[in-house]
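With the hints as constraints, model all of the structure from the sequences given.
Quick mapping for you: the protein sequence lines, in order, are chains W and X.
If you want this note's numbering, it's the 1-based position in the first sequence plus 27.
If you want this note's numbering, it's the 1-based position in the second sequence plus 27.
Quick caveat, the hints were computed from the structure, so don't treat them as lab data.
Keep in mind that a hint or two might mislead.
Put simply, identical chains are the same to the list, so a pair is met inside one copy or across any two.
[To be verified] No more than 27 Å apart at the CA atoms, straight line, and that leaves these computed lysine-lysine pairs for DSSO-like:
no.: 1; residue 1: Lys141; residue 2: Lys83
no.: 2; residue 1: Lys83; residue 2: Lys170
no.: 3; residue 1: Lys31; residue 2: Lys130
no.: 4; residue 1: Lys51; residue 2: Lys159
no.: 5; residue 1: Lys51; residue 2: Lys155
no.: 6; residue 1: Lys74; residue 2: Lys51
no.: 7; residue 1: Lys170; residue 2: Lys155
no.: 8; residue 1: Lys83; residue 2: Lys51
no.: 9; residue 1: Lys148; residue 2: Lys83
no.: 10; residue 1: Lys131; residue 2: Lys170
no.: 11; residue 1: Lys155; residue 2: Lys74
no.: 12; residue 1: Lys83; residue 2: Lys155
no.: 13; residue 1: Lys159; residue 2: Lys141
no.: 14; residue 1: Lys111; residue 2: Lys164
no.: 15; residue 1: Lys141; residue 2: Lys51
no.: 16; residue 1: Lys170; residue 2: Lys159
no.: 17; residue 1: Lys29; residue 2: Lys130
Values in this document were obtained by computation on a predicted structure and should not be read as measured data.
2 protein chains.
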Amino acid sequence: MKLKQLALISLGLMAATASFAQQKAEDLIKTRQGAYKVISWNVGRIKANVDGQFNKDEVLKAATAIQALANAGLGALYAPGTEKGVGYHETAAKPEIFDPNNKKIGEVAGNFGKEANELAKVAATGNKAAVKVQLGKLQQTCKACHDDFRQEDHHH
Amino acid sequence: MKLKQLALISLGLMAATASFAQQKAEDLIKTRQGAYKVISWNVGRIKANVDGQFNKDEVLKAATAIQALANAGLGALYAPGTEKGVGYHETAAKPEIFDPNNKKIGEVAGNFGKEANELAKVAATGNKAAVKVQLGKLQQTCKACHDDFRQEDHHH
Chain W
28 MKLKQLALIS LGLMAATASF AQQKAEDLIK TRQGAYKVIS WNVGRIKANV
78 DGQFNKDEVL KAATAIQALA NAGLGALYAP GTEKGVGYHE TAAKPEIFDP
128 NNKKIGEVAG NFGKEANELA KVAATGNKAA VKVQLGKLQQ TCKACHDDFR
178 QEDHHH
Chain X
28 MKLKQLALIS LGLMAATASF AQQKAEDLIK TRQGAYKVIS WNVGRIKANV
78 DGQFNKDEVL KAATAIQALA NAGLGALYAP GTEKGVGYHE TAAKPEIFDP
128 NNKKIGEVAG NFGKEANELA KVAATGNKAA VKVQLGKLQQ TCKACHDDFR
178 QEDHHH
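This is how it looks when you write it as structure tokens:
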């Protein structure tokens, strides 16, 4: 086999590897965007319940979904290579999320999980007023993370 | 106020209402597409665990997320007005999903929920072989629904 042939094969493999990595990154970005969309849907459902007719069953289902996603390990969706790029849309993640020395990430993620666990507990009681208070606490953790780590001009 | 003015205001309101309805439909379609993306991510994680190194904690998190989404009431995301349209991409839902007389929908959705509940139970035991078997049963319910209700040329 001639050197030129080897070089062409090597280039081909490099391109295939790069393409695979890009596809994988796109998939991770789509998944995190999808996860937040589903979380947002469930937050909206609980909001509608505490602001109007309260259906304990629907609230519990929604709170359980939020809790499961908050504890699913969404951090894995921010793997190296996903700092920039398009999933369903351009990522709104700020570069700070990918800084391994940034301790704030673990803090906001931990708070989200903590308040989501508490919301699921409160939802199980069926107490509308308590769910309203706890939903507010959960939403504060969403906002805290968005304030620090989401580019406001990018998300939609 | 002249008739022409009234007619123009009326047209404007109709356009605003249609635009709101379209935005709402787009949001519901995005949410269901996001939900399946997240489910698919979690199925993939469990698959990787049963085919390789088994991490009980990761499997349980993933199974819990699938279970919560399977029981979240995803049917609400197929509200009237969402039969066609673009969420993150063109919907792949077949018209049959929206037929209120179609009993197959409740059946496939019920099977998905049943196997997802069982998968979460089995995942809690940490038995790799049992998780593998149960994951296969869950995937059969995904396939059954896709075969009947998903347009294969549309999804991506």
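- Checking against the hints above, which ones are violated? As far as the earlier hints go, 3, 14, 15 and 17 are violated by this structure, in ascending order.
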